[in-house]
Amino acid sequence: MKRFLSVFVFLFSLALSARAQQDDALFGDTEKPKVKQGFVITMNGNFDLPAGDMADRFGTSYRVGPSVWYKTADNWIFGVKFDFINGSIIREDSFLINIFKDGGVLNQSGSRTGLNVYERGYAACLQGGKIFNVFGSTAGGLLVLTSAGFIQHKIRVYDSDETVTPILGDYRKGYDRLANGILLEQFVGYNYFSPNNLFSFYLGFNFSAGFTQGRRDFLFDVKRPDTDNRMDILYGIRAGLHIPIFKRKSEEIYFK
1 MKRFLSVFVF LFSLALSARA QQDDALFGDT EKPKVKQGFV ITMNGNFDLP
51 AGDMADRFGT SYRVGPSVWY KTADNWIFGV KFDFINGSII REDSFLINIF
101 KDGGVLNQSG SRTGLNVYER GYAACLQGGK IFNVFGSTAG GLLVLTSAGF
151 IQHKIRVYDS DETVTPILGD YRKGYDRLAN GILLEQFVGY NYFSPNNLFS
201 FYLGFNFSAG FTQGRRDFLF DVKRPDTDNR MDILYGIRAG LHIPIFKRKS
251 EEIYFK
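Its first residue numbered 1, the sequence shown is counted upward by one per residue in my numbering.
Hint data in this document are derived by calculation from the structure and do not stem from the laboratory. Everything numeric in this text was worked out from a predicted model, so none of it was measured. Please note: incorrect hints may appear among the correct ones.
Within a straight-line C-alpha distance of at most 20 Å, the following computed EDC-like cross-link-like pairs (lysine to aspartate or glutamate) qualify [as the list claims (entries may be wrong)]:
| id | residue 1 | residue 2 |
| --- | --- | --- |
| 1 | Lys223 | Asp93 |
| 2 | Lys223 | Asp74 |
| 3 | Lys130 | Asp176 |
| 4 | Lys173 | Asp161 |
| 5 | Lys223 | Asp176 |
| 6 | Lys101 | Asp221 |
| 7 | Lys173 | Asp217 |
| 8 | Lys101 | Asp53 |
| 9 | Lys173 | Glu92 |
| 10 | Lys101 | Glu162 |
| 11 | Lys130 | Asp74 |
Ranges between beta-carbon positions, derived for each pair [to be verified]:
| id | residue 1 | residue 2 | range |
| --- | --- | --- | --- |
| 12 | Thr72 | Thr165 | 53 to 59 Å |
| 13 | Tyr118 | Arg224 | 23 to 29 Å |
| 14 | Glu162 | Asp74 | 52 to 58 Å |
| 15 | Ile182 | Gly110 | 20 to 26 Å |
| 16 | Ile89 | Gly38 | 19 to 25 Å |
| 17 | Ser109 | Phe84 | 21 to 27 Å |
| 18 | Asp74 | Thr113 | 56 to 62 Å |
| 19 | Val188 | Ala124 | 18 to 24 Å |
| 20 | Ala73 | Ile97 | 57 to 63 Å |
| 21 | Thr60 | Lys101 | 27 to 33 Å |
C-beta: ideal position from N, C-alpha, C; glycine also.
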């Protein structure tokens, strides 16, 4: 978390420096700069902490993925995004209890071997929001963004040699805890479009709530279906680097 806070301070300082340079260059000029509008391609990253039912199954996780926005002349944002969910902390550690004995599992040759387990999933959402000029800057503003869509996650059980019979093929589904459902997200943070489009970004706080359900008909370890409703919460830092493709070329971006 300290690393992400340091990055935030660094990026915010660069934005303030760019703002100061703009003020010097525009001293005495009363003409409003042109408003930019058009598409924005962004590569996003999340650092997530779990809460609710998610905290019982997984630890901290990361999300990476692209988004495509359309920014209007009034600074409204509309778009889509896709996130890949990755993690390596599995708190539901008893799900392999019926095949894991004495520090390992038996493979097809009768020797003991280990298994690797990971958190894997994805989220796909529609997005809408607006950039507000609350900092008095022509290039930076407060970004408020709401997302709605679909989330899916599971425990990936990885056997590199594919020699552990109880998890081969469809048997693996009896252990992976697959769950999916509706996802709602809210983001609040700082957004900056550089005048020359060379360094544009956003960074802030993201809160996600997944209204999900278990999707497996039978779990081998507990010998019952997994169809319970879940409240999967993720919260943390979200950031992205923009590639603006604006319709108009001008020296500045003006936020009303």
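**OP:** Could you tell me which of the numbered hints above are not met by this structure, giving the numbers in increasing order?
**Re:** Structure breaks hints 2, 3, 8, 15, 16 and 17.
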